[in-house]
Amino acid sequence: MQLEEITDGSPVSGVSRRDFIKFCSAVAATLGMPGMGDQIAEAVVTQKRPPVLWLSAQECTGCTESLLRTSHPSLEKLILELISLEYHETLLAGSGKQAEEWRQKSMKENKGKYILVVDGSIPVKDNGIYCKIGGKTALALLEEMSTQAAAVIAIGSCASWGGLPSADPNPTGATAVHEIFKSKGIKTPCVNIPGCPPNPYNFLSTVLYFLTFKKLPELDEQARPKFAYGRLIHENCERRPHFDAGRFALQFGDDGHRKGYCLYKLGCKGPETFANCPTQLFNDVGSGAWPVGTGHPCFGCTEKGVGFTKPLHSPASPKYFTPPSILPRVDEKRGHGLTIAGVAVAAGIAGAALGASAVTSKKLGKEDEEQGKSGSREK
Amino acid sequence: MAKRITIDPITRIEGHLRIDCEIEGGKVTNAWSSGQMWRGIETILKGRDPRDAWIFTQRFCGV
Chain A
1 MQLEEITDGS PVSGVSRRDF IKFCSAVAAT LGMPGMGDQI AEAVVTQKRP PVLWLSAQEC
61 TGCTESLLRT SHPSLEKLIL ELISLEYHET LLAGSGKQAE EWRQKSMKEN KGKYILVVDG
121 SIPVKDNGIY CKIGGKTALA LLEEMSTQAA AVIAIGSCAS WGGLPSADPN PTGATAVHEI
181 FKSKGIKTPC VNIPGCPPNP YNFLSTVLYF LTFKKLPELD EQARPKFAYG RLIHENCERR
241 PHFDAGRFAL QFGDDGHRKG YCLYKLGCKG PETFANCPTQ LFNDVGSGAW PVGTGHPCFG
301 CTEKGVGFTK PLHSPASPKY FTPPSILPRV DEKRGHGLTI AGVAVAAGIA GAALGASAVT
361 SKKLGKEDEE QGKSGSREK
Chain B
380 MAKRITIDPI TRIEGHLRID CEIEGGKVTN AWSSGQMWRG IETILKGRDP RDAWIFTQRF
440 CGV
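Just so you know, the sequences run in chain order A and B.
Mind the numbering: the first sequence is residues 1 to 379 in this note's numbering, read in order.
Mind the numbering: the second sequence is residues 380 to 442 in this note's numbering, read in order.
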C-alpha cells in the first residue's frame with residue numbers, strides 16, 4: 001500500500017493514503033460491513049462531492065457541534081471536502097440576502113441531486129411562526145427544500161422525533177421532519193439519525209453509504225439506520241454484568257456508584273433505548289466516553305416517548321428480558337425441580353432486579369417435571 | 380428619510396438572529412435585534428421534577 005499523501009486534486013487531496021483507507025475501513029465497520037472499505041474509498045475519490053444543504057429549525061446547534069468535534073486524522077478535512085456543504089447557517093460566510101441568494105442558486109443548480117440535512121424540529125403551531133429564517137417559516141423552507149432533494153437526513157432527536165421542543169406541553173407544535181412529510185404528502189426518502197447530540201459517525205456513515213450504494217441503508221420502523229440503532233444500549237453496555245448480578249448504584253456517589261455498578265435504579269433508560277453509544281462512543285478519546293461510562297444514567301435521547309418524556313430518575317421499562325447470568329446448576333438432577341437452595345440463590349441475587357431469574361427457575365422446574373412424566377410413560 | 384436595512388439570517392452564530400437597522404446620513408440611527416426562533420423551554424419546565432431541569436436548560440444552546 002502506498003503511504004504518500006494524495007495530491008491528485010481529488011476530494012481527499014492532502015490526506016495521507018493510509019489515513020484515508022483507515023477512515024473508510026472504520027466507516028465500513030460502523031456500518032457493519034467489514035471489507036467494504038475499498039468500495040467506499042473508490043466511491044469517495046471517483047465521484048463528484050455530493051452537494052449538501054443544511055436547514056436549521058428549532059435546534060441548539062449541538063448536532064453541528066457534534067459533527068465538528070470528529071477528530072479522526074483529517075476527518076474535519078474529509079467532512080468539508082468529502083461533501084460540498086452548500087448552505088449551513090452557522091458555517092456560511094455570507095449573511096442576510098447573500099445567504100438566501102446562495103441557497104436559491106445552489107438548489108437550482110443541484111435540483112434533485114442534493115442531500116438535505118435538517119436539524120431541529122419544525123414548529124407548526126400558529127402557521128409555523130416560531131422559527132423563521134430570512135422571513136420564511138421553517139415549515140415553508142422544509143417544504144420548498146425537501147421536495148427538490150434526492151434524500152433527506154433528519155439529524156438529532158428534534159428533527160427525528162420532535163426532541164426537547166416537542167416535550168409536553170409542546171408550546172410551539174414542534175414536529176419531526178418525517179411527520180411533516182406524512183401530513184404534506186412529501187415522498188422524498190428520509191432517514192432519522194436521532195441522539196442529543198447524535199454520534200457524528202452514524203451520520204457520516206449514512207452519507208457515505210448513500211454515496212457508495214446510491215440508496216439509504218436498511219432502516220427500522222422509525223426510519224433509523226439499523227447498523228446504528230438495531231440494538232438496545234442495554235445489550236452492549238459495559239455495566240451489563242452488574243445488572244445481571246443484581247449489583248446497582250442506589251445513589252450518586254454511593255459505594256456501588258463508585259465501583260461502577262449498574263445505573264438501572266438511578267433511572268438508566270438503556271433497557272428501552274436503541275442506539276450504539278456503548279460501542280461507538282464519543283469524542284474519540286477511548287473507552288468510557290459515553291453517558292453511562294461517565295457514571296450517569298442514559299436518558300433515552302434516541303427514543304421517542306423516553307427522552308425528554310419520562311422523568312430522568314424513574315426506572316426504565318425494559319423492552320425485553322434476556323436470560324440472567326445465574327442459572328441453575330448444569331448437573332441439576334432431572335425430575336426433581338430445583339434444589340431449594342438453588343432457587344433461593346438465583347431468585348435472591350439476579351431476581352432482585354426484575355424477578356427474571358425466579359421466572360426462569362420456575363419454567364425449568366416445569367420442563368423437568370414434564371420430561372419426568374414422559375420418561376415414566378416410556379417405562 | 381431614513382433607510383432601513385434587514386440582515387436575516389445572521390450567519391456564523393448559533394440560533395436564528397435578525398438585525399434591523401435604520402440608517403440616516405450614513406449613520407445608524409436606530410437598530411433592533413431579534414431571535415427568530417422560540418421553543419418555550421420555560422413553559423416546558425413547569426410541573427416537572429426539578430432534578431430533570433438541567434437536561435432541558437442546558438439545551439438552550441449546544442455550542
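Check the hints yourself; a few may be wrong.
Claimed, not checked - With a cut-off of at most 25 Å between alpha-carbon atoms, the simulated DMTMM-like pairs for lysine to aspartate or glutamate come out as follows:
1. A:K215 with A:E179
2. A:K97 with B:D399
3. A:K304 with B:E421
4. A:K105 with B:E393
5. A:K310 with B:D399
6. A:K97 with B:D431
7. A:K304 with B:E403
8. A:K265 with B:D428
9. A:K125 with B:E403
10. A:K136 with B:D431
11. B:K425 with A:E100
12. A:K97 with B:E403
13. A:K310 with B:E421
14. A:K125 with B:E421
15. A:K310 with B:D428
16. A:K136 with B:D428
17. A:K304 with B:D428
18. B:K382 with A:E179
19. B:K382 with A:D168
20. A:K319 with B:D431
21. A:K97 with B:D428
22. B:K425 with A:D126
23. A:K265 with B:D399
Claimed, not checked - Residues from chain B shown here face chain A by an in silico Cβ test under 10 Å; the list is partial:
24. K382
25. I389
26. I392
27. I398
28. E401
29. I402
30. E403
31. K406
32. V407
33. W411
34. Q415
35. E421
36. I434
Treat the hints as calculated values from the structure; they're not laboratory data.
Backbone N, C-alpha and C fix where the C-beta goes; we use that ideal spot for every residue, glycine too.
Here's how the hints hold up against the structure:
1. A:K215 with A:E179: Holds: K215 of chain A and E179 of chain A sit about 21 Å apart, inside 25 Å.
2. A:K97 with B:D399: Since the Cα atoms of K97 of chain A and D399 of chain B sit roughly 13 Å apart, the hinted pair holds (cutoff 25 Å).
3. A:K304 with B:E421: holds (21 Å)
4. A:K105 with B:E393: Satisfied, since the Cα-Cα distance of roughly 24 Å is no more than 25 Å.
5. A:K310 with B:D399: violated (41 Å)
6. A:K97 with B:D431: Since the Cα atoms of K97 of chain A and D431 of chain B sit roughly 41 Å apart, the hinted pair is violated (cutoff 25 Å).
7. A:K304 with B:E403: violated (52 Å)
8. A:K265 with B:D428: Answer holds: K265 of chain A to D428 of chain B is near 17 Å, not above 25 Å.
9. A:K125 with B:E403: Violated: K125 of chain A and E403 of chain B sit about 38 Å apart, past 25 Å.
10. A:K136 with B:D431: violated (34 Å)
11. B:K425 with A:E100: violated (37 Å)
12. A:K97 with B:E403: holds (21 Å)
13. A:K310 with B:E421: Distance of about 18 Å is within 25 Å: holds.
14. A:K125 with B:E421: Judged against 25 Å, a Cα distance of about 17 Å means the pair holds.
15. A:K310 with B:D428: Since the Cα atoms of K310 of chain A and D428 of chain B sit roughly 10 Å apart, the hinted pair holds (cutoff 25 Å).
16. A:K136 with B:D428: Answer violated: K136 of chain A to D428 of chain B is near 36 Å, above 25 Å.
17. A:K304 with B:D428: The given pair, whose Cα atoms are some 19 Å apart, holds under the 25 Å limit.
18. B:K382 with A:E179: This hinted pair is violated, its Cα atoms lying about 42 Å apart.
19. B:K382 with A:D168: violated (44 Å)
20. A:K319 with B:D431: holds (23 Å)
21. A:K97 with B:D428: Status violated; Cα separation ~44 Å.
22. B:K425 with A:D126: holds (22 Å)
23. A:K265 with B:D399: Violated, at about 52 Å.
24. K382: Where the cut-off is 10 Å and the nearest Cβ of chain A is about 15 Å from K382 of chain B, the hint is violated.
25. I389: Holds, about 5 Å.
26. I392: holds (7 Å)
27. I398: holds (8 Å)
28. E401: violated (16 Å)
29. I402: violated (14 Å)
30. E403: Violated. Min distance 20 Å.
31. K406: Constraint on K406 of chain B not satisfied, violated at 20 Å.
32. V407: Since the shortest Cβ distance to chain A is 15 Å, the answer is violated.
33. W411: violated (14 Å)
34. Q415: holds (4 Å)
35. E421: Holds, about 9 Å.
36. I434: holds (6 Å)
Going through the hint list in order, the structure does not satisfy hints 5, 6, 7, 9, 10, 11, 16, 18, 19, 21, 23, 24, 28, 29, 30, 31, 32 and 33.
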